[in-house]
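Generate coordinates for the entire structure from the input sequences, incorporating the hints supplied.
Numbering (this note's numbering), first residue to last: 2 to 334.
Rather than coming from a laboratory, the hints here were simulated on the basis of the structure. Keep in mind it's a predicted model, so treat the numbers as computed, not measured. Using N, Cα and C, we set each Cβ at its ideal position, and we do this for glycine too. Treat the hints with care, as some may be off.
Unchecked claim - Ranges between beta-carbon positions, derived for each pair:
hint: 1; residue 1: Val15; residue 2: Gln272; range: 32 to 40 Å
hint: 2; residue 1: Asn35; residue 2: Lys326; range: 19 to 27 Å
hint: 3; residue 1: Lys244; residue 2: Lys100; range: 44 to 52 Å
hint: 4; residue 1: Glu298; residue 2: Ile186; range: 26 to 34 Å
Unchecked claim - For lysine-lysine, the following DSBU-like pairs were computed, each having C-alpha atoms within a straight-line distance of at most 30 Å:
hint: 5; residue 1: Lys289; residue 2: Lys331
hint: 6; residue 1: Lys244; residue 2: Lys289
hint: 7; residue 1: Lys289; residue 2: Lys201
hint: 8; residue 1: Lys244; residue 2: Lys207
hint: 9; residue 1: Lys136; residue 2: Lys176
hint: 10; residue 1: Lys311; residue 2: Lys331
hint: 11; residue 1: Lys129; residue 2: Lys244
hint: 12; residue 1: Lys273; residue 2: Lys309
hint: 13; residue 1: Lys201; residue 2: Lys12
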Amino acid sequence: MEFDIILQNLKKQVYHPIYLLQGEEPYFIDQVSNYIEKNVLTEAEKGFNLTIFYGKDSEPQTIAEASLRYPMMADRQVIIVKEAQSLKRIEDLVFYAEKPMPSTILVLNYKYKNLDARTKLYKAIKSKGVILSTKQIYESQVPAWIENYLKQYNYTIIPQASQILTASLGTELSKISNELNKLVIAVKDTNRITPEHIEKNIGLSKDFNLLELQDALGSKNVLKANQIINYFGSNPQQHPIQKTTATLFSFYSKIFSYHFLKDKSERGAIQKMGGHPFYIKKIMAAAKKYSPTKLYEIMGILREYDLKSKGLGVSTLVDTAELQKEMIYKILH
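Right, dumping it as structure tokens:
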């Protein structure tokens with residue numbers, strides 16, 4: 002079942018006896034589990050009817066026995082198993098899953114992996130309850146996710162601002178949502194988020210960030226690229242070289258892919274590559290500056306310096322600030 006549908010049903014008090022929340026993206030798992038934990042029972046009911054287990058410290062039999070209890074002075078009880086992926090012999094829960102208690106809501110938080118769909122337990126849960134399977138979203142999907150997240154608070158965000166957040170924070174939705182919550186609380190003068198708001202309230206410079214570095218490299222603005230990389234070198238904790246190489250590798254890979262599209266129009270590029278039109282236009286512009294041969298060379302440079310930053314292929318302790326400067330020089334020349 003889809004994440005949005007599960008949340009909508011919960012808000013309508015449509016409950017199921019078992020929820021298997023699994024997959025690569027913990028944000029969605031936490032959202033459903035936390036909603037059940039906080040909202041299904043009243044504060045008075047939670048004392049006797051909310052039980053939380055941790056997979057590595059629990060046994061399936063103990064969880065099943067707790068699930069078979071009747072609620073006390075309430076219509077239902079809630080049992081949440083956190084870190085269920087660490088539960089030994091989880092398959093032993095099949096005997097409960099085949100005949101679950103209607104008055105119990107059992108939630109299995111099975112993070113970073115999926116329960117084998119061939120098992121009897123998976124099939125029993127699918128028959129009697131709800132399964133949410135999550136996937137980590139692609140970087141190209143993050144700006145749209147940010148826009149949709151802010152809509153629930155009646156905020157909008159300009160494309161450059163969402164790209165700054167994406168380039169700096171990556172695809173970890175829990176981290177992104179935490180930063181967006183800060184913005185929603187702090188920004189009161191308008192309902193439109195800008196790079197200035199991000200710089201003031203989150204600390205990500207509107208002028209010296211990975212998005213601006215991509216723009217400078219994409220247009221071969223040597224002065225701007227060097228200014229940014231020098232700023233990164235003076236702030237290594239906020240701008241580690243590994244993050245820089247990973248982001249630039251993605252950027253140049255997209256430019257490389259664009260060269261081989263049959264339909265090189267903006268619409269064709271969006272359909273094949275995904276991403277916000279704001280970003281695709283930058284890819285198209287950068288493709289005019291870099292040939293496929295040069296791009297292939299650049300991706301090799303990025304791999305080389307990523308390895309050097311980790312101590313491979315170097316004989317002495319490396320200065321990551323100097324490594325970044327060397328890397329940018331080789332990319333631009």
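Hint check:
At about 37 Å, the CB distance of Val15 to Gln272 agrees with the hint of 32 to 40 Å. Separation of Asn35 from Lys326 is about 44 Å and departs from the stated range, judged on CB atoms against 19 to 27 Å. Judged by the Cβ atoms, the range 44 to 52 Å given for Lys244 and Lys100 holds: they are separated by roughly 50 Å. Checked against the given bound of 26 to 34 Å, the beta carbons of Glu298 and Ile186, roughly 46 Å apart, lie outside it.
A threshold of 30 Å between alpha carbons decides the hint, and for Lys289 with Lys331 the separation of about 19 Å falls inside it, so the pair holds. Proximity of Lys244 to Lys289 is assessed by CA-CA distance (about 25 Å); at most 30 Å being required, the pair is judged to hold. Of the pairs offered as hints, the one joining Lys289 and Lys201 is violated, with about 35 Å between alpha carbons and a cut-off of 30 Å exceeded. Of the supplied pair hints, the one linking Lys244 and Lys207 holds, its CA atoms being roughly 18 Å apart against a limit of 30 Å.
A threshold of 30 Å between alpha carbons decides the hint, and for Lys136 with Lys176 the separation of about 16 Å falls inside it, so the pair holds. Distance hint between Lys311 and Lys331 is fulfilled; the C-alpha atoms sit about 19 Å from each other, no more than 30 Å. Between Lys129 and Lys244, the direct Cα distance comes to roughly 44 Å. Violation of the 30 Å bound is thereby established for this hinted pair. Distance check on the hinted pair: Lys273 and Lys309 sit about 33 Å apart at the alpha-carbon level, beyond 30 Å; violated.
For the given pair, Lys201 sits about 35 Å from Lys12 by alpha-carbon distance, which is inconsistent with the 30 Å threshold.
When the structure is compared with the earlier hints, violations turn up for hints 2, 4, 7, 11, 12 and 13 and for no others.
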